[in-house]
Amino acid sequence: MIFSRHPVSAALFMIISMVSVAGLFVLLEAFFLAILQVLVYAGAVMVLFLFIIMLLDVGPEGAKSSRLKLVSGFAGVACFSILIVLSLLLVFDSSPISQGSTLWPALDQSLLVNGENLVFSTRVKSFGFGLFTKYMLPIQVAGFLLLAAMVGVIILSKKVIREEKV
Amino acid sequence: METITPQHFLILAFLLFGVGFLGVVIRRNLLLVLMSLELMLNGVNVALVTFSRTGQNLDGSLFVFFIMTVAAAEVAVGLALLVALYKKRRSIFSEDAGLLQN
Numbered sequence: 016m017i018f019s020r021h022p023v024s025a026a027l028f029m030i031i032s033m034v035s036v037a038g039l040f041v042l043l044e045a046f047f048l049a050i051l052q053v054l055v056y057a058g059a060v061m062v063l064f065l066f067i068i069m070l071l072d073v074g075p076e077g078a079k080s081s082r083l084k085l086v087s088g089f090a091g092v093a094c095f096s097i098l099i100v101l102s103l104l105l106v107f108d109s110s111p112i113s114q115g116s117t118l119w120p121a122l123d124q125s126l127l128v129n130g131e132n133l134v135f136s137t138r139v140k141s142f143g144f145g146l147f148t149k150y151m152l153p154i155q156v157a158g159f160l161l162l163a164a165m166v167g168v169i170i171l172s173k174k175v176i177r178e179e180k181v
Numbered sequence: 753m754e755t756i757t758p759q760h761f762l763i764l765a766f767l768l769f770g771v772g773f774l775g776v777v778i779r780r781n782l783l784l785v786l787m788s789l790e791l792m793l794n795g796v797n798v799a800l801v802t803f804s805r806t807g808q809n810l811d812g813s814l815f816v817f818f819i820m821t822v823a824a825a826e827v828a829v830g831l832a833l834l835v836a837l838y839k840k841r842r843s844i845f846s847e848d849a850g851l852l853q854n
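So the sequence lines, in the order shown, correspond to chains A and B. Under the numbering used here, the first residue of the first sequence is numbered 16, with each subsequent residue one higher. Under the numbering used here, the first residue of the second sequence is numbered 753, with each subsequent residue one higher.
Be aware that one or more of the hints could be misleading.
Just so you have them, the derived chain B footprint on chain A, three or more residues with Cβ under 8 Å [claimed, not checked]: (1) 23 to 37; (2) 61 to 73; (3) 94 to 102.
If you are wondering where the hints come from, they were derived from the structure by calculation, not from laboratory data. Predicted model, so just to flag it, every value in this text is computed and none were measured. All C-beta atoms, glycine included, are put in the ideal place defined by N, C-alpha and C.
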């Protein structure tokens, strides 16, 4: 992604990597975060990026140096071969993620809180419980941050007409 | 082949962060610098969820939620700044963005 010359293709590669990160969250059994990742990043943020790219009409960066081209070609070949090898290994010997391993403890979904700790679970209910009990102040701050960002963006993108009035 | 361990996820998180950092350093187009920043934040998110899942603790996942909020706000403000810069300088390359150098 960072080696592609045209901003639009970089943005499309970025969408691919965001969706892949959402897939990683599914593997980690954080389903709510995976949905959020697709909605927020692959949806809203990348639409914003593409919109600004189209709005500013930025072309490709100037002629790429031959060294950068070499690096990008090498990185592409390396990533593709690693992908091939890993997928072959997975095809021949696939193993689910939490099978007979102590590193991935099985989830106990029955309780929300264990002493001081909030217990990891796949349910959205536990997210809501954590957000509105232990993280009550941070979620208010986050909401205020979004409001501040909205007001700031509106002020930034308004036409400046102060000079003429004075 | 052994099962997938947290180490694999952490290596991938580190790689995502490294690719994002490389993008921030080598690109001159400020739009792509912002996108690389997003990639770095995603690497941190993967690491947080991995530790949260391994330690059976929801706090990491909740922090991912807040990081997403902050990232969305940061993208909105950054892109608005970029549009303002483009209106003033007709360019979004980082070497044209210095206000104090000439």
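Inset, instruction - Three residues minimum, CB to CB under 8 Å: does the stretch 23 to 37 of chain A make the cut for coverage by chain B? Let me know. - result: Per the Cβ count (6), the hint holds.
Inset, instruction - Closer than 8 Å, Cβ to Cβ, for at least three residues: run that test on the stretch 61 to 73 of chain A against chain B and report holds or violated. - result: Since three or more residues must qualify, the claim that chain B covers the stretch 61 to 73 of chain A holds, with 7 doing so at under 8 Å.
Legend entry - chain B covers the stretch 94 to 102 of chain A, three or more CB atoms within 8 Å, holds or violated: Coverage by chain B is violated here, the residue count being 0 at a Cβ distance below 8 Å.
The structure is inconsistent with hint 3 alone, although it conforms to all the rest.
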